[in-house]
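Protein chains in written order, with the working numbering: chain S, 1 to 275; chain V, 1001 to 1348.
Fair warning: there could be bad hints in the mix.
What the hints assert, rightly or not - Computed cross-link-like contacts, DSSO-like style, restricted to lysine-lysine with a CA-CA straight-line distance of at most 27 angstroms:
| # | chain 1 | residue 1 | chain 2 | residue 2 |
| --- | --- | --- | --- | --- |
| 1 | S | K175 | S | K83 |
| 2 | V | K1227 | S | K2 |
| 3 | S | K2 | V | K1120 |
| 4 | V | K1067 | S | K2 |
| 5 | S | K2 | V | K1002 |
The hints are simulated quantities; they were obtained by calculation from the structure and are not laboratory data.
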Amino acid sequence: MKPLLLSAFGLLIVSNAFVLAHVAMNRSGEPESEMQLTARELQYYGGRSDESGVLLMLRWTNTAPEYPTGLPGEAPVWFDQKKLEEIGFDLSVPATSPQAARFYENLRSREVFVALEYEGPAWEAWLKDREPRLEKESSYGPQVTLPDRIEIERQTTPRLVTTDVARDPAQLRRKYPDRTRVMILQALVRAKLEPERRASLTAPLRPAYLRGAITRLAIESINVPQPLSRRLEGKSYSPWTYDGNRVKIEPPPYSVTLRVGSKFEPWVVDVNPLR
Amino acid sequence: MKPQERADRLRTVQRELSELEREGALELTPEQRSRLEAHIESTLAGLASQFDVDTSESQRQISWGMKIASALGGIALCAAVVLFLARYMGYWPTPLQVTVLITIPIALTFAAEFAAHWEKTLYYTALISIVAFAAFVANLSMLGSIFNLAPTPNALAVWGLFGLALAYHFGIRLVLAGGLISLAGWLTATTNSWRGWWWVEFEQRPEELMLAGLALALIPLFIRHAKRPDFPAVYRLVGLLAFFMTMLFLSAQGQRSYLPMDDKAIEHFYQMFGVVAAAATVGIGIRRNFTGVVNIGTAFFTIFLFFRLIDWWWDWMPKYLFFLLIGVVALGLVAVFKRLRGRMRLAI
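Take the sequences, apply the hints, and build the full model.
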């Protein structure tokens, strides 16, 4: 056989072997974290006629979003300039400099590790922070009353909440040792320049400042293998509906045991119907 | 010389001799004529039986049809393989999914090798190679989805090398183009990730892609392709397209550049540099007799120039006058090219 053809076969075999070895390493030994989530955090949108694979979308509450919804000027407290410096962003141009807008717009995302806490104090704090903003929340129609909005948030939104980021996952694990409550995953973050502004016409001018934003998780859709995927048939989840008179909140139809391995890649180990 | 080129030249000689005889510029004795005809026909028959070359114009036209059909068929089969896997793979247990994904590109590579031994013209080999390349891309991508792996730019390098290995082994230009595109993507993505940026966003800082394109276009100057004389044109095509398309993007999106200048200044720089680089490309292409390079250079010279004209004139000029001026510029370009052609004729 000629050397070029041999190298083509070699590439096919070695690359597949590498992928399978990587998967085996990720899934061997003690899992990095394991937790039981529901359709609120792992949502199944139903199958498509031209695709047979079953994917769950990982839904998480981002406390440091790139474009915050709600009142103007809100910003996460924990993901500040100091944290950005810690994870290696070049912040050499001051936020008040005329060059800052272009510099920070072009400063691209970095891969880091993010701690996601499940149904803990961060979730409670997030709910509390959301309540006063819900009245003006544009994602709800005007017919949905404030008590309904609060109940929808409490019963349907994802309880997996971002609490911290770091370049070193071991550092995060030392800080958050509970492997059944805090999941560590790879994520993308960027530095955002908040320009100077006034909260109102009479308020004093707030100077420009820098903050961090989590733009996405590296893995956001999770494959469900056979035979577990069969348990999700007919279990697509629509958290709430409004029939013109009242809001109907759906309880999650299934729970999923999600494990994260040594390479911080997740996989589904169990699916159980809840109703 | 490739067998097809030899056959084409023999047919041209045959036609030209008849024409010269008709014009009275050459007179062969009947014996000389029949000996020459017999030699040409026997050589063509030998080439046809040994290499399956086209020995007539109608055969050549059919061959073009076959080439187009095999390229389109290859692309359609790629879609068929990927869509089939997406449609049914979810019903299979993971070990079967993995086995099928790994087996398909291996089986197709064996099939391409078998086809290459069986046929001389490589139409089926080209078609199967294209599908093998796509199946390998689907293989690693789908394994990544099945096992929820974080995306990595290294997959682009592996696809690129696999494409090059198949292309050089079988002599398939479309697969070479696929491999080169993957490698250019890998080069750009990797240099981005070295700086700690997410590699998937490499299109946001495309200057590296411009350099990768230029490097690809220059490779044939340093690596001789004696066995694959039609490959350098593919390097130049892929490289120059990457180079000029990136430049075109930067001429409108100055904020995506590394250059430490104002956004507008960067856009103006790339607009002018684009016109100059395209003109230089045409010049180099003419000097070195690279038809593809001349065509790409001309196309981008026109695009850059027309974009400039739209920028300068569209908003304030009456539309009829704008199109009139575009027509005048086009006539000017035709005049310039005609003069260039005349100079070349004089040089010959």
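Check: Which hint numbers doesn't this structure obey?
Finding: none
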